[in-house]
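Enquirer: Single-letter residue listing:
Protein chains: 2
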Amino acid sequence: MALDNNWFSEICEESATAFSLQVSEKLHEEQTPYQKIEIYETKKFGTLMVIDGFIMLSDRDNFLYHEMIAHPVIFTHANPEQVLIIGGGDCGTLREVLRHDGVKKASQVEIDERVTRLSEQYFPELCSANHDPRAEIVFSDGIKWVHDAEPQSLDIIIIDSTDPIGPAEGLFSAPFYKQCHRALKPNGLLVQQSESPLIHMRILKDMYKAMRGSGFIDIKTLGFPQPVYPTGWWSATIASKDKPIAGFREQDVLKKKFETQYYNAQIHRACFAMPEFFQRQIRS
Amino acid sequence: MALDNNWFSEICEESATAFSLQVSEKLHEEQTPYQKIEIYETKKFGTLMVIDGFIMLSDRDNFLYHEMIAHPVIFTHANPEQVLIIGGGDCGTLREVLRHDGVKKASQVEIDERVTRLSEQYFPELCSANHDPRAEIVFSDGIKWVHDAEPQSLDIIIIDSTDPIGPAEGLFSAPFYKQCHRALKPNGLLVQQSESPLIHMRILKDMYKAMRGSGFIDIKTLGFPQPVYPTGWWSATIASKDKPIAGFREQDVLKKKFETQYYNAQIHRACFAMPEFFQRQIRS
Chain A
1 MALDNNWFSE ICEESATAFS LQVSEKLHEE QTPYQKIEIY ETKKFGTLMV
51 IDGFIMLSDR DNFLYHEMIA HPVIFTHANP EQVLIIGGGD CGTLREVLRH
101 DGVKKASQVE IDERVTRLSE QYFPELCSAN HDPRAEIVFS DGIKWVHDAE
151 PQSLDIIIID STDPIGPAEG LFSAPFYKQC HRALKPNGLL VQQSESPLIH
201 MRILKDMYKA MRGSGFIDIK TLGFPQPVYP TGWWSATIAS KDKPIAGFRE
251 QDVLKKKFET QYYNAQIHRA CFAMPEFFQR QIRS
Chain B
1 MALDNNWFSE ICEESATAFS LQVSEKLHEE QTPYQKIEIY ETKKFGTLMV
51 IDGFIMLSDR DNFLYHEMIA HPVIFTHANP EQVLIIGGGD CGTLREVLRH
101 DGVKKASQVE IDERVTRLSE QYFPELCSAN HDPRAEIVFS DGIKWVHDAE
151 PQSLDIIIID STDPIGPAEG LFSAPFYKQC HRALKPNGLL VQQSESPLIH
201 MRILKDMYKA MRGSGFIDIK TLGFPQPVYP TGWWSATIAS KDKPIAGFRE
251 QDVLKKKFET QYYNAQIHRA CFAMPEFFQR QIRS
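Protein chains in written order, with the numbering used here: chain A, 1 to 284; chain B, 1 to 284.
Just chain A, with the same shape it has in the complex:
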């Protein structure tokens, strides 16, 4: 069946597939110094943000990504107080991070201020923690920010970036990971969105290699569903500065004071299980 003009389609060249959402209205379009941002109202996925033709997030399913990039790494760390978010301009990750009472400061370093301003306008619920006194919102180059950071000053670095092509390419590179390693405190953890294991194993293998070469001593990938991203299955990868990634603060998860829609202790235990094809390729 052909799709008429009432659909927004994103083509994934790697798999020769496309994902489409029925839209009722284009709410906004602008070219920033960095990228083209479009906002649509969809029929059943709420508001949709698209950057350079790639779907970034929708009202309906962003909870999956935002919960899974934030809570597993935070509950894995024994005492996370200082958190840095690179990218994440929609502020959804910042909101999840600040649900944790123990976090004393969360800095969000997004290169394109317009992403955040449009998120404030079109995704206000994602921006509900922007005025938390622990939040620092910076519009700057994340690579430079990490380079200038004090050594051993951060507990967790969250790399909430676009795909490793174009502006975000440097965020998947060994020089950047080395600076992250330097900026992390002892026991520090980094987490990065790491594409779909079903079609992006080359990116994952390169990432593992670059992380290992930058001093991180343990690396684990976690998976979760994400309907609006290619294949519908997405991942995040955690790298540990100086000790094995093992266990998590399960009791704190069980008594957490905030609600989640996807994440829970069962999911935490389960999300690191990776398929045979993944394990074979990462080992080789």
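Just so you know, these hints were derived from the structure itself, not from any lab.
Wrong hints could be hidden among the right ones.
No copy is singled out in the list; a pair is fine if it fits within one copy or between any two copies.
[Claimed, not checked] Listed next, the in silico SDA-like pairs over lysine to any residue satisfying Cα-Cα at most 25 Å (straight line):
#1 Lys43 <-> Cys12
#2 Lys205 <-> Glu259
#3 Lys220 <-> Glu250
#4 Lys26 <-> Glu14
#5 Lys256 <-> Ala273
#6 Lys104 <-> Ile199
#7 Lys43 <-> Ile199
Let chain A serve as the given structure and place chain B on it in line with the hints.
Expert: Showing chain B alone in chain A's frame:
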């Protein structure tokens, strides 16, 4: 970006989304007494089978579904010898079942012989176990077959059906589950493909209710990625005749003699973890 005529698109009405595959050729189309079957050659997903406009399977990603509908339930059962597959006309589930040496007989009861004949032609690798002496391939109504089955004659029933609309609707109903319960031996297990928890919770809730009302004493849903199905995240639900579903033959998984691409012991332990939204809705 609009999709031209070189794409096959399946629209999912429930979510107002669509999934599309770039195709190079339509290989076959026919109307059987039951449904319309189309076969396409795609650019990067291999051969594709479509029934009544809904994608059934592709070369590239059918391993996810076939492994996950077969191996978790089989390794959960202590000693599965007699297996019945309802539907499953492409024969991929039959192949996975017969990888297990302990299985003495696997009967596949598909209503539409043309599905199997076209699978033999276009998906020959899925049909590689069709001539196994333990395989019985029947073209008949699965509901009637179960009704006529001897009481306590089966260890496992696998319901590998299309969606619960049209011909498969009766396969999601309490009268059918009651007949399955009767036909299962003590310790018997049923497993059914159970749609996407992200958009089909109503179907899942109704299924749980019907299974509970039919005498099954424990029910657990497992999840797995499936790019060609709506949302990219799919599920299967296991119902146990007379004892809790707990643990599995992990040692047998670790020393299994056949290769898998997705399933392994880690995945088995993990696949039953269900998100918060699922647990809340199934409990309510």
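Enquirer: None of the hints should be skipped; say for each whether it holds.
Expert: Taking the hints in turn, this is what the structure says about them:
In this assembly of identical chains, the alpha carbons of lysine 43 and cysteine 12 lie at most 25 Å apart whether taken from the same copy (22 Å) or from different copies (12 Å). In this assembly of identical chains, lysine 205 and glutamate 259 lie within 25 Å of each other by CA distance solely across copies; the values are 22 Å between and 34 Å within a copy. Taking identical chains as interchangeable, the C-alpha atoms of lysine 220 and glutamate 250 lie at most 25 Å apart whether they share a chain (18 Å) or sit on different chains (22 Å). Proximity of lysine 26 and glutamate 14 under a CA criterion of 25 Å is satisfied inter-copy only: 21 Å between copies versus 27 Å inside one chain copy.
Taking the shortest alpha-carbon separations for lysine 256 and alanine 273, both the intra-copy value of 24 Å and the inter-copy value of 18 Å come in at or below 25 Å. For the homomeric pair lysine 104 and isoleucine 199, neither the shortest alpha-carbon distance inside one copy (38 Å) nor that between copies (37 Å) is at most 25 Å. Taking the shortest Cα distances, lysine 43 and isoleucine 199 sit within 25 Å of each other only across copies (14 Å), while inside one copy they are farther apart (28 Å).
Hint 6 from the list above is the single one not met by this structure.
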